[in-house]
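Protein chains: 2
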Amino acid sequence: MNSYQNLSMSEQKAEYGAVRARFEAFKSRGLKLNIARGVPSKEQLDLSQRVLTDLTAPEDYFADGVDTRSYGLSDGLPCAKAFFAELASAPAENVIVGGNSSLNMMYDAVMRTMLFGIGGCEPLVKQGRLKWICVVPGYDRHFAICEQMGIEMVTVPMLADGPDMDAVEELVRDPQVKGIWCTPKYSNPDGTTYSDAVVRRMAGLKPAARDFRVYWDNAYCIHDVYGEGDRLAPIYPLAVEQGNPDLVLQFMSTSKISFPGAGVAALAASDRNIQIIKNRLKYQTIGYDKLNQYRHVKFYKDVDGLKNYMRLHRNILGPKFKIVLYEFEHKLGGYNIARWSTPKGGYFINLDVLPGTAKRVWELCRDAGVTLTQAGATYPYGVDPEDKNLRIAPSYPPVDELLTATKLLCLCVKIAAVEKLLEDDKEEE
Amino acid sequence: MNSYQNLSMSEQKAEYGAVRARFEAFKSRGLKLNIARGVPSKEQLDLSQRVLTDLTAPEDYFADGVDTRSYGLSDGLPCAKAFFAELASAPAENVIVGGNSSLNMMYDAVMRTMLFGIGGCEPLVKQGRLKWICVVPGYDRHFAICEQMGIEMVTVPMLADGPDMDAVEELVRDPQVKGIWCTPKYSNPDGTTYSDAVVRRMAGLKPAARDFRVYWDNAYCIHDVYGEGDRLAPIYPLAVEQGNPDLVLQFMSTSKISFPGAGVAALAASDRNIQIIKNRLKYQTIGYDKLNQYRHVKFYKDVDGLKNYMRLHRNILGPKFKIVLYEFEHKLGGYNIARWSTPKGGYFINLDVLPGTAKRVWELCRDAGVTLTQAGATYPYGVDPEDKNLRIAPSYPPVDELLTATKLLCLCVKIAAVEKLLEDDKEEE
Chain A
359 MNSYQNLSMS
369 EQKAEYGAVR
379 ARFEAFKSRG
389 LKLNIARGVP
399 SKEQLDLSQR
409 VLTDLTAPED
419 YFADGVDTRS
429 YGLSDGLPCA
439 KAFFAELASA
449 PAENVIVGGN
459 SSLNMMYDAV
469 MRTMLFGIGG
479 CEPLVKQGRL
489 KWICVVPGYD
499 RHFAICEQMG
509 IEMVTVPMLA
519 DGPDMDAVEE
529 LVRDPQVKGI
539 WCTPKYSNPD
549 GTTYSDAVVR
559 RMAGLKPAAR
569 DFRVYWDNAY
579 CIHDVYGEGD
589 RLAPIYPLAV
599 EQGNPDLVLQ
609 FMSTSKISFP
619 GAGVAALAAS
629 DRNIQIIKNR
639 LKYQTIGYDK
649 LNQYRHVKFY
659 KDVDGLKNYM
669 RLHRNILGPK
679 FKIVLYEFEH
689 KLGGYNIARW
699 STPKGGYFIN
709 LDVLPGTAKR
719 VWELCRDAGV
729 TLTQAGATYP
739 YGVDPEDKNL
749 RIAPSYPPVD
759 ELLTATKLLC
769 LCVKIAAVEK
779 LLEDDKEEE
Chain B
359 MNSYQNLSMS
369 EQKAEYGAVR
379 ARFEAFKSRG
389 LKLNIARGVP
399 SKEQLDLSQR
409 VLTDLTAPED
419 YFADGVDTRS
429 YGLSDGLPCA
439 KAFFAELASA
449 PAENVIVGGN
459 SSLNMMYDAV
469 MRTMLFGIGG
479 CEPLVKQGRL
489 KWICVVPGYD
499 RHFAICEQMG
509 IEMVTVPMLA
519 DGPDMDAVEE
529 LVRDPQVKGI
539 WCTPKYSNPD
549 GTTYSDAVVR
559 RMAGLKPAAR
569 DFRVYWDNAY
579 CIHDVYGEGD
589 RLAPIYPLAV
599 EQGNPDLVLQ
609 FMSTSKISFP
619 GAGVAALAAS
629 DRNIQIIKNR
639 LKYQTIGYDK
649 LNQYRHVKFY
659 KDVDGLKNYM
669 RLHRNILGPK
679 FKIVLYEFEH
689 KLGGYNIARW
699 STPKGGYFIN
709 LDVLPGTAKR
719 VWELCRDAGV
729 TLTQAGATYP
739 YGVDPEDKNL
749 RIAPSYPPVD
759 ELLTATKLLC
769 LCVKIAAVEK
779 LLEDDKEEE
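As given, the protein sequences belong to chains A and B, one line each in that order. Under this note's numbering, the first residue of the first sequence is numbered 359, with each subsequent residue one higher. Under this note's numbering, the first residue of the second sequence is numbered 359, with each subsequent residue one higher.
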């Protein structure tokens, strides 16, 4: 094996012909495969079926002294608050349990800060130019919220142990910077887990803006795929310890534990933040679906129960991650045209292709019937400045389809790389 | 029986002594009763138990070609859209099915207009002073949204056939007036159903503000309690007919059909409004709980199924409404100290007591262990200018408790009335 760059132009042309022929063979199969979004497979969803069936008689729906089917408890069922509190390493009274979407809870948190302010500050809509720190590559739906709200996104690179904290500490000196999106464990898309040092520095930030908040989207907090998995230091105690309790808003959900569309989400924050949020939330809803909250707590019981249960997910997801990584290693290794992450959990594998070819790889895959996450989606405004990042989501397709999709993807990476190198050669002439 | 006003002062004092003695007897019983909120009773909730238990195997959760447990379809499951479309007299593509709370959908609709505008207009936050029409008496949670958003509330009286439309038509000539709250059928709290003429005029409004919207909270659309019930003209066809499709946002929910805390809510609106809302909603959530949407459609099937089912509710609610009305008639009739509504459906009976005594009645009830909706709650900012309106919610308590609470309430109305009259006599001296 030789790096593509070391091939002569005629060797590159020969390679192009070879991979292109294999690509055409794939294309003629009329594939329709999807490795675009981090969606659990049907097999995974079936694992939680008893969440939906264990409660039957009307009396089963009584919990914490209330009929969970009725109104009330806008901050969540007490047993559900306790459940998420354990996950968040925060007291139960510092938790609000919501509906089926942590994205919705994050959105609403930003929306309330826009309209009503936080930390005793003016509403963000009255503060003129607003900025937000986005670690890149990152999660497109985080970025989209900023885009919709008209908040300018400033990027910080993801390093091996988390965001570049020197850059973050520098940026928060600007009073117009109001927040940062973090997916601290098995980060979307690169799978990085923040080191203890990074979590400590994040929890110790001294932003110029009193209404700056760390949006800690702990979406994959117990979503290990291999072995012991990574360990993430709990941020809330570290924030409290550094006199910074109000800095962090933590978000969690069971979207990738029970059901993506019918799970339970929660947020955890300081006394003061929770008090402010509760006082505002009561205008928006009389309460979230406590019955669904109770179904979940009843089935998973506690974090230990959850951890045991997540082994079943791992048994399904682990082999899928391995298939993709094996193919990458064997089809792309050594050519110097791609690098990829090897995460121990989460839902994604990050694939960096030859700069300037990510969009082309995406197009080629599309043309042959394989849907990838849109190239650029992992960057604010959908613009990857180097056009090199692709996010691979191995969870949804069955193993045989995943294998086919990955083989095709590897071919497309090669085609796009040779095309680019040949083009560069031409320009040099 | 004689009107209290015609009694001599000594007769008033004698009456005061008599009712006060009976009040003290109630008080000594240490009651703890609640007729404050429109909450269905346990008996009613049990009627819908099969919503929660009919779907069991994983395959049961496939509907409209999708696994309802998974992500997607942010505007709702197609069969759920069709279900609510029938209720709203609008096409299914003009419906968005949401989570468990229509209040939340109304709040979000206002919030989006505040932040992003509607009808091609600037966001409301950028438009300076904002006003909203509130029909009084009305629903406290509607008013609270305006209060939180800093929107000034201007009131319009409820007449026998709906809001005073002359006043509404006059007010919408002001470009700062951006909306009106309506509960068009069995209005909260007075039980009024808007007449065909009122619905037609509402649908034909020509507001100065292009971003004015009618918030049509059809919370009690099929919630008859007696006989045939009232008929409400469908507003959407009338708006279309008058060239006004974008004027109305309709809201519905099953909160008082299945479960207050775990039902399904929906909104219906014009093509243009729906397109705007969908384009914004996708930033807030990947989708609502489609599984719960499907549970509901599967059980109720369609509007005919729903109507049949609502008879079961009527069997429970009808007698409760009768108890309250019978007591009012027999204990308060003829004294000229109270007037009340006799709604054919909904969740409330409106009680107008002697002006200047509503708060006192509320206090007396509280002191004897009966919780009423806070006096004033049916007016913006919690201020009833005449201090006369009370909202009675008969649905929640068992029949015997409801009877006791109503008897006590009638006594309190009398006590407060005589106190007031004696006070007035004193002032005249």
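Careful, some of the hints might be misleading.
Claimed, not checked - Part of the chain B face toward chain A, derived, beta carbon under 7 angstroms:
1. Pro416
2. Gly423
3. Arg427
4. Tyr429
5. Ala620
6. Tyr641
7. Thr643
Don't read these hints as lab results, they were simulated from the structure. All residues carry an ideal CB built from backbone N, CA and C; glycine is no exception.
#### Entry: Hints the structure fails to honour
Violated hint: only 2; rest satisfied.
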